[in-house]
Amino acid sequence: MTLTETPPAASVKQPIRPPRKRLRYALTVAVFLLPSAVPLLLFTLIPMAGSLWTSLHEWNLITPMKWVGLDNYADLLSSEETRAAFGHTLYFIAGYLPLVYAGGLGLAMLLNRAMKGRDLFRAIYFLPVVTSWVVVALLWKWLLNPASGIVNWAIGLVGLEGPGWWTDPDWAMPSIILASAWKDLGFVMIILLAGLQAIPNEYLEAARVDGANAWQRFRRITLPLLSPSTFFVVVISLINGFQVFDQVHVMTGGGPAGATQVVVEQVYNLTFKYGRAGAASALSWLLFAVVLVVTLIQVRGQRRWVNYG
Amino acid sequence: MARAGRYVVVGLGALIMLFPFAWAVITSLTPAGAVLQTPPDFTPEGAGFGAYERLLETMPFWRIMFNSLWIAVASTVFQLVTSSMAAYAFARLPFPGRGALFAVYLATLMVPLQVLVVPLFIEMRTFNLTDTYFAVLAPTIASAFGVFLLRQAVRQVPKEFDEAAVLDGAGHFRIFALVVLPLIRPALATFAIFGFMASWNSFLWPLVIIRSPEFMTLPLGLANLHGQFTTEWNVVMAGSVVSVVPILVLYLFAQKHVIASVAQSGLK
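So the protein sequences, as listed, match chains E and H. Using this note's numbering, read the first sequence as starting at 113 and increasing by one per residue. Using this note's numbering, read the second sequence as starting at 702 and increasing by one per residue.
Treat the hints as calculated values from the structure; they're not laboratory data. Among the hints, a few may not be true.
Partner residues are not named here, just some residues of chain H that face chain E (Cβ under 7 Å, in silico) [what the hints assert, rightly or not]:
| no. | residue |
| --- | --- |
| 1 | Gly798 |
| 2 | Thr809 |
| 3 | Leu810 |
| 4 | Val812 |
| 5 | Gln815 |
| 6 | Leu838 |
| 7 | Pro840 |
| 8 | Phe930 |
| 9 | Trp934 |
| 10 | Gln956 |
Being a predicted model, the structure only gives us computed values, none of them experimental. Note that CB positions come from ideal geometry on N, CA and C, so glycine has one too.
Starting from the given sequences, assemble the full structure and let the hints guide the process.
Now the structure itself:
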């Protein structure tokens with residue numbers, strides 16, 4: 113990602129243009145840029161400014177706004193609910209990320225060798241990725257139905273009693289994590305598989321000749337050379353993880369007893385349930401700041417462990 | 702031996718991936734009375750399409766599906782057009798302040814949707830546009846991600862090609878349409894896939910801006926259906942099954958390309 117300009121070719125750029133030609137050129141540039149610039153201005157930049165402005169007010173979306181300065185931020189930073197919302201979001205990430213990474217890496221290693229039906233398996237594992245979050249959430253809500261779901265029935269077959277899943281405050285987040293990992297496993301697998309395929313076979317061969325066993329080859333060659341793909345997966349998963357919403361909204365709506373109230377669910381509820389648009393906007397900026405800092409730390413820290421060969 | 706073990710593990714995993722879909726189909730064919738039964742009734746006795754009929758009675762399902770399809774197609778087409786044009790300008794048309802403007806584009810890429818949801822909702826309400834197709838589409842007309850992705854592709858088109866066209870008397874519009882666009886087709890396809898999937902799956906924004914069933918998209922319609930029929934899982938699963946079919950068909954056709962696009966995104 114560089115912002116440097118490449119010098120334009122002589123025939124494309126005409127340094128000295130007569131006024132009419134210059135006007136025509138300016139018009140050409142405008143025609144190429146306005147179709148994207150106008151929507152971005154109207155539907156991204158202006159709402160951004162609006163959101164900042166709203167976050168400095170108390171507002172229920174109906175009566176006029178009331179200026180409160182930075183009070184919304186101060187309130188949020190000291191509130192129990194905010195801490196809980198970030199706590200639940202971190203709980204989600206802590207469960208989800210190791211699960212998809214370990215699962216995705218295992219599958220990618222298994223599929224990284226010539227085998228019959230590899231393309232078919234790859235396509236099957238990727239199927240949930242193209243399915244919408246709402247459908248995935250509904251499928252799993254039904255599978256994990258405490259009374260009539262097939263999962264608890266199967267657990268019952270071996271003589272155990274299945275948990276209350278999304279109806280139980282202790283099991284609701286694990287239920288969401290399970291459904292999310294199932295959906296994204298194929299995505300992580302595909303990214304890591306592409307990374308594995310980019311590792312030259314000679315390296316592994318040379319290590320084998322030198323007497324390195326399978327674990328040593330994995331630990332000393334595969335993992336370090338896979339680190340750019342790992343980095344990508346971790347960065348993307350953290351960004352998405354902090355913004356988790358769809359599956360939570362459908363599976364639990366933040367419940368039971370607030371056990372899965374994640375940050376974006378909180379933003380939604382503050383606005384549309386409690387009529388606190390100012391606080392909601394402030395919270396969304398707080399979340400943005402957290403994601404930005406976490407991402408920057410990773411980009412900064414990548415030198416220590418990411419090996420670009 | 703190790704080889705057989707590999708097949709067993711990969712095969713079991715594939716079953717875990719497929720089972721939720723299969724179970725949804727089975728549930729959707731189960732008669733209302735038997736859905737909540739424990740243990741589940743595996744006999745096909747009484748199976749039928751009752752849940753599907755009920756689904757079509759209770760909500761304008763075909764319309765909702767059609768909404769999702771055309772909104773996804775329109776949003777993809779808009780993004781392809783607006784992004785490729787901007788990409789051409791940023792790669793080929795020098796003008797003062799171009800670098801700064803590009804930086805503004807990139808900055809919008811970092812702002813997550815939930816920051817924009819409240820003010821966007823208010824903006825739409827101010828112009829009386831809530832509960833319209835336009836409102837669902839508007840935030841997806843332009844894509845900074847697309848501009849970034851396609852600009853990289855345009856920059857890789859050798860300048861000599863443009864110059865040859867200029868010598869033939871072509872202006873920028875013709876160079877763009879006849880020289881550059883055909884040469885960046887792979888990038889356009891990748892971006893189209895991401896754009897379509899994003900629109901097809903989007904939930905938060907339609908949830909905020911749409912109230913009437915006739916303007917709903919599938920994710921919203923399904924979430925609503927679930928809200929109405931909390932215990933009639935056969936109807937909810939019928940809706941899920943039907944909504945998966947179009948994307949499944951598309952996926953079967955474009956599967957290789959979809960996977961290749963995603964794989965590539967991680968190598969950059």
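>> Please check whether H/Trp934 passes as an interface residue: C-beta within 7 Å of a C-beta belonging to chain E.
In response: 5 Å, holds
> Given H/Gln956 as an interface hint, is the shortest Cβ-Cβ distance to chain E below 7 Å?
Replying inline: With a closest approach of 5 Å, the H/Gln956 hint holds.
>> Holds or violated: the hint that H/Pro840 contacts chain E, with Cβ atoms closer than 7 Å.
In response: 5 Å, holds
>> Take the shortest C-beta to C-beta distance between H/Gly798 and chain E; is it under 7 Å?
In response: Since chain E brings no Cβ nearer than about 11 Å to H/Gly798, farther than 7 Å, the hint is violated.
> How about H/Leu838: closest beta carbon in chain E under 7 Å, or not?
Replying inline: Interface hint status for H/Leu838: violated (10 Å vs cutoff 7 Å).
>> Hint validation: H/Leu810 versus chain E, beta carbon distance must be below 7 Å. Holds or violated?
In response: 9 Å, violated
>> So, as I understand it, the hint says H/Gln815 touches chain E; can you test that by seeing if any CB pair is closer than 7 Å?
In response: Nearest chain E Cβ about 5 Å off; hint holds.
> Regarding the hint that H/Thr809 lies at the interface with chain E, is the smallest CB-CB distance below 7 Å?
Replying inline: At 5 Å from the nearest chain E Cβ, H/Thr809 passes the 7 Å test, so the hint holds.
> Against chain E, with CB atoms and a cut of 7 Å, does the hint on H/Phe930 hold up?
Replying inline: 11 Å, violated
>> Under 7 Å is the threshold here; is the Cβ of H/Val812 close enough to any Cβ of chain E for the hint to stand?
In response: 6 Å, holds
Hints 1, 3, 6, 8 from the list above are not met by this structure, while the remaining hints are.
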